[in-house]
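Chains as they are written, first to last, in this note's numbering: chain B, 637 to 1078; chain Y, 417 to 986.
Everything hinted at is true.
Residues of chain Y clear of chain B, computed beta-carbon distances all greater than 12 Å:
1) S456
2) P571
3) E651
4) Q719
5) D736
6) R757
7) V808
8) R838
9) T846
10) D889
11) R907
12) H944
To spell it out: a stretch of chain B is covered by chain Y in this simulated footprint if at least three of its residues, at any positions, have a beta carbon under 8 Å from a beta carbon of chain Y; those stretches are:
13) 800-807
14) 838-852
15) 940-952
Hints were generated in silico from the structure; no laboratory data involved. Note that the Cβ used here is the ideal one computed from N, Cα and C, for glycine as well.
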Amino acid sequence: MNTFPRRTFLRGALRGAAVGVALPLLNCFLDSNGKAYAATGQRIPLRFGTWVWGCGFIPEKWIPATTGRDYVMPEHLAPLEPYRDQLALFSGFDVKLDGVANKPHITGCLGLRSGIPVPDENVKAPTLDVLIGDAIGNGSRFRSIEVSTSGIQRSYSYRTAGSPNPSEISPLALYQRIFGEGFQDPNSIAFKPDPKYMVHQSVLSAIGDDRQRLMRTVGAEDRHRLDEYFTSIRQLEQQLALQLQPPAPVEGFVMPAAPADVALDSEMDNVLVIHRLMAGLLAKALQCNQTRVFNVLFSDTTSNLRRRGTIDTHHTLTHEEPEDPTLGYQREVAWFAQQSMQAWREFLDELASIPEGDGTLLDNCMVLAHSDCSIAKAHAVEGIPTMVAGGGNRIRTGYHLAGSADPISRIGLTVQQAMGLQVERWGSLSMETNKSITELLV
Amino acid sequence: MRFKSIASGFTRFGWGLLPASCLLLSVGLGGCGDNQSGLSEPAPVGGPALMRRLTESQYRATINDVFGPGISIPARFERGLRVEGLLAIGTSESGMSAFSVEQYDAAALSIADTVLGAEHRDRFLNCATASEGAFDAQCTTQFVQQYGMQLWRRPLTDPEVSSLVNAAHQGFIQLGDYYEGLKYALVGLLVAPDFLLRIERTQAPPEGSGPGQLDAFSRAARLSFFLTNASPDKELLRAAAAGELDTPEGLASQVDRLIASSRFTRAVRAFFEDMLQFDLFADLAKDPVIYPAFNSTLAADAQEQTLRTITDLLIEQNGDYRDLFTTRNAHLTRALGIAYRVPVPTRKGWEVSEFSADSNRAGIQTHIAFLALHSHPGRSSPSLRGKAIREVFLCQEVPPPPPEVNFSVVQDPSDANLPTARDRLELHRTEPSCAGCHRIMDPPGLALENFDGLGTFRTVENGAAIDASGSLDGIDFTNTNGLAQALHDHRETPRCLVEKMYRFAVGRDTVWDERPYMDYLTETFAVHSYSVPQLMRAIALSKNFFAIAPPTGETSHNLAGLSPANGATR
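Whole structure, please, built from the sequences with the hints as guidance.
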């Protein structure tokens, strides 16, 4: 055996050098404004993430009485007061069903994320995080990172129907995936590319060469599935290519310690601990460019959160707890809704705790937070509570906007535009829109 | 190396002649109809050629079969997709995320490290001439061909072989070690779509008419995954290459060999793990204050208990499937003994005994694996249990709750005036928007109310005596033993098993035109005293199992109802 395809060999040897490297985030390279690299004028990348909590909200505890900048934060939003200027609140935006059956807790969540309401989990399009990831995620080690903090293996990030990008549920597993085997400390002095990565990469590349042959052998539906496989192989190849480059130094990056192995349990106090651990790891991963896109599922849409020693979950309570006659709402459900906002605050704390440029990591992240419904008791998909946080001066925040029953796809469309995607129109039927939320765009 | 297309005994006849030809052929042949029962199979309908993802257990079993036990696979597999009630059907629809491929890749590297590491490599490499310092093309080619055939379930083409040999040579050049380089040829085999996906290939029907059929290696794979939950072994691949699977005798001899092998148990376990939705244990949580006995050991033991009960009854004893709903066989560990409140003297491992006649433990539906899985974290759920009995064992679909359902009629579960679940659910059954489904779900579930949210027996709830009477499609009973008998005697019980088993085997939902075939299988099942191995044999020998229908364009599946926690089921 001494005849080898020339192409394969060359690619194996050269591809590493051909693939772009992550942009360095070394502050000494930044210009005097701290917003762009002095040498290239290139800006610090804007990252994107979603943060999802289940079972909606208590409207009177969440929706401010007025719109605009000078609104008063109702009780459940109170923990977010420090982030008032970095937060845009959206109330009154609807998922439009167009006669599609409302699959409780699913149709709203996926309708918001894909712009198309479906009566089941057969999502009709990539969810917006995948669209954004494909546009901005190329130079990072992982195209996106998904985590779920309530011990449940769910994810609402889909490239194709039937295959969500699965969530990490254990902080330790998340740590090992990002900072274990294959992680290169961006600030280590010595860098010696391991030739193993080159060999490994060319093996994957040879698999990719088989794409056309296989695509011809299967039917149209299976072609989509094969295509996803080959896209995944390609992403892995790019991951290996990055291993052959010296990582860009990151000022102030300190390798995180491995988290303790915590019990995976849906009891609220435990979930808050897991969530904080995972948020911290995710922030570190963003800081050193392991990923530019993330999806956090704080609680599932049919929230399995519990209070220790009680017999019902958050979700069951939304349906079975009677309204407190003096309060006018469900007292226990309200507790879960309030805790969820506390967790959201803690998530923002983790992003804001990492200095970057002349601001913080939060200034260079745009995070879309949303639930799956407004009033969980009725599975209402009208007025799903939604927020956008961060973005520095690349988006406009610091206000409450009422949607007046506009399609919620306006938010999804605008978020993509804010991330630099060339998209003018998004969604289908009543959800199809070309109406950006101009208040959000600079 | 291409096998010859050999017209098989049955497809050579026109459809109209099938019944008659079956009668002729059935004398002394197992492949057409059922020679013991005298039943004959209707004309085959078939389905599309599929592309199915290996499940985690299939991946692990295949590596075990090809490289022997003791190869650790440290990957975290993405959870399966459940479609139409089965993960097996989901394997034909799920895609492959970047996360999955990352995990498969890590598994491949680890397997290659073990197989070609200094300690084990002599077992797998049959080359006296190989050494670290020199690239051995002949040895590499032989390695790639041998393991490629086993992993890809077909012979590799010359370009495929040379591409992998090239990978090994590249590795040698870059890494300076023959064995280190060879590892990457194995990684290439293990990450390839040809290994991770079962891509079925067809061949034209003989004489250009009738349903198409799978090629010999695709047939071998269908057989092998169905009967051993893993890739074909060397003997089956040999038989496929020799065209033996195209003759009824050749097929029967392979089917009987696989059913007799110890690996058959694996297949039966895989089916029941899928049918009983044990994948949902991954998300199962119980409140530690309310159910302190629940932990990961108990959860694992509970599943194992039910699976041992099943394989013991169905395989070791070749028993009647319906007896699973009445058996009092008890396979217990000490952890299970605590939850069942039964003394288990054995400190470690398993002990086989029998639940006492007055224990209310008759049938696998009274096992912790069923009762705990279909409950809430802090309490039991007659509705979830009733729904599971309907959907898992009887194939009766319970519609999802209406989204705008009015829950204001449902009272506070902590209301002292409504101490038992029966009291509280009464309100569901009187409110018209709830009643339709709750009348279907609740009565069998209420018969299991003597078991709390973990599965421990109780007689009172909140101080009030539990009334465990109920009914199932016209059969009334007063306690859980009555439910056991009703499930045993239900006419849908065997039919449902047949339908699920067939869907599991072919990885797709059944179609309308297959009703006569389902009737045939159900009758065959009855004739064989509801023996599950005999049912599996009948499926594996049937024409419909391998038949390929032209695509109709109506392949969309309804993915609703993935998780029992979805919706507002109480």
